[in-house]
Amino acid sequence: MRLFSFHLMPYPGLPDDYDGPAWITCPNELFDPTLGTQLYNRYLDELVLADELGFDGVCVNEHHQNAYGLMPSPNLMASILARVTRRAKIAVVGNALPLYDPPTRVAEEFAMIDCISGGRLIAGLVVGGGPEYYSFSINPAEARSRFAEAHDLIIRAWTEPGPFEFIGKHYRIRYVNTWPRPVQQPHPEIWIPGAGSIETVEFVARHRYAYMGIPYFHITVFERMFNLMRQACENEGYEVDPLQLGWLVPIFVAETDEEARRRFEEHFWYFVRRLLPGISVSPPGYTSVRSLENIIKGGHTFAEFLETWDQVVDGQYAIVGSPETVLERLTANIERLGVGNLLGLFQLGTLPADDTRRNLELFAAEVMPKLRERFPGTERAATTAAAGTAAGTVAGTAGAVA
Amino acid sequence: MSAALTTGPFETAVGAVTMTTGGQGDAVVYLHSSGGETGADSVAPFLELLAERYEVFAPMFPGFAGSEGLDEIDDMEDAVYHCLDVFGRLGLTEERAPHIVGLSLGGWMAAEIAWRYPHSLRSLSLVSAPGIYLPEHPMGELFGRKFDELAEETFADQSHPVAAMMHQMASLSLAGAGADIPFDLLRPFFESMAAAAKIGWNPYFHNPKLPKRLGRVAVPTLVIAGRLDRLVPCETSEAYARLIPGAQLEIWDDASHMVPLEQAGRLATLVADHIEHAKASVAS
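Here the protein sequences come in this chain order: S and A.
In this text, residue positions in the first sequence follow my numbering: the first is 1, and each later residue adds one.
In this text, residue positions in the second sequence follow my numbering: the first is 1001, and each later residue adds one.
List of simulated lysine-lysine pairs, DSS-like, C-alpha gap at most 30 Å:
no., chain 1, residue 1, chain 2, residue 2
1, S, LYS169, A, LYS1209
2, S, LYS169, A, LYS1212
3, S, LYS297, A, LYS1146
4, A, LYS1212, A, LYS1279
5, S, LYS89, S, LYS370
Every beta carbon over 12 Å from chain S, so not counted as near; a handful from chain A, in silico:
no., residue
6, PHE1010
7, GLU1094
8, HIS1137
9, SER1159
10, VAL1162
11, GLY1265
12, ARG1266
Just so you know, the hints here were simulated from the structure itself, not pulled from any lab data.
Beta carbons: idealized from backbone N, C-alpha and C, even for Gly.
Excised from the complex, chain S in its bound form (with noise of 0.2 Å):
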């Protein structure tokens, strides 16, 4: 089990009388950057904070023109992660593909972040969320086959000498020859976030990467996205190890579980019903009809439609609580579900920073090393991992999640 301190960097600053969506129309006039100054110095501060408690890793997200999360460029933060912290790893959950033309442009960030960092970037790649195709006017039509192609592009980057010349449908480039080259040979751990797509599954399982299971939803809904991931391994002709597996789940932690309902609740309700709305967005062409109906039959169960606690704690939408009780859900889910890295969010909506710091401090003393005496293991094992990252393997993948 690796255990991460995720951050989504969200805005907590919308007015009580804005009811619209935090995304790809909220107006730009609601971000007060001087509010904006002390968010990410203090939200950069709990990332570090985490690296000092002796977290596995810290996970940053890309997202666009929203209130939700103020991370366009998910490459800042990480740099400056890569230079403060020491131990934890650092996860780019991820940089959008679609959105970089060219996308060697996402090869070379996470090279100098690899560098920096002396080899501790875990780099995730990612289709980038429907709200980003309205706020950019990339087609959306075209995620899937220039996600496939800018990966492709971006392995040979890493993995091929250079120069090369790398002629697409999507992207053209005459010289490939990517400076700086990353710390990690052939190349950093690569996750993949999905919320369930089927080519997206298919596509991890067969290059052997992470999926990282997109959050709030119903446990079950995270049972059946993992389920597939298993099955598409086995068809793959491999068994999923748990180190493939993430999920990522808001938690926190107080003295007792009322006193941490009493704290955390109204913060989970902002993030909720302020933040999430407008997010799940489906442009046009972005998820195959297929995918489309697979994502829809869960969609009811989607933490914006919750109405009381009760439906959080049953639904595992956050786990909140004593240091007894967060560690006896984390520890069923975990069993539950298979996985091998569990993504926390210890900051949600508009959660203040001493709670914020409380709620690490507290997982890290009272929970963290119970969870790793149950769950050991923080190395994929080899029968698993080797493959799909070396250069011969991922040639003439163009398509595959098109």
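Since the structure of chain S is already known, use the hints to place chain A on it.
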């Protein structure tokens, strides 16, 4: 009395497309909108009226109504060549070149065919066509909209069966319906929008170069729009009429966007008059 229409698969270079045909006489091709209205369903009454006088062909574009080949279409360029491929396979070339009627996306597509290959058609009828960007009158948002809002922006009469169905679909809440989402109703809509996005996402339903190309259109052209259309402002049609030499403009105060569905009889009469006028002008 109405002529019988038949619908079935038709082989093209990109795969089998769904095609509705019927009637006898000069060839009339109907190119549908992003809504994916088919000759087997909502646009049948309009096509049946045309089929009383002409041989009507209504091919469903790749991605719509089960037509194959969307992977082969990236942009309007591919769309134009797909249409020419269809015309060729139907024998609609030279003296059998078709009269083209296009609604919305199909109208824009027809205009793009007409300036590139002015002799591939005998007349052009554009209904509620986008394709020209007017900063003062931009097209409304088609993608990611609620069904009921779209119905209100594109139908003059909300009790039209298609508009009524859109209102009904809008009332389905994801939270409430859960696993009982009626995919059979939604699937054609998802598929139609995905196909339309291939051509219309960016630039958003227009070709920046179209205004300076339309002077090449060399066939009699009829441009029709409804003043109640809130998706494609009727000023777009006025621009078409200005830019295409000799074009005839008809703007109906009581019509919205989906004119062939809501005003089948009146539109069929006007289009037939236009076709006859085009034939006469060639003969003279």
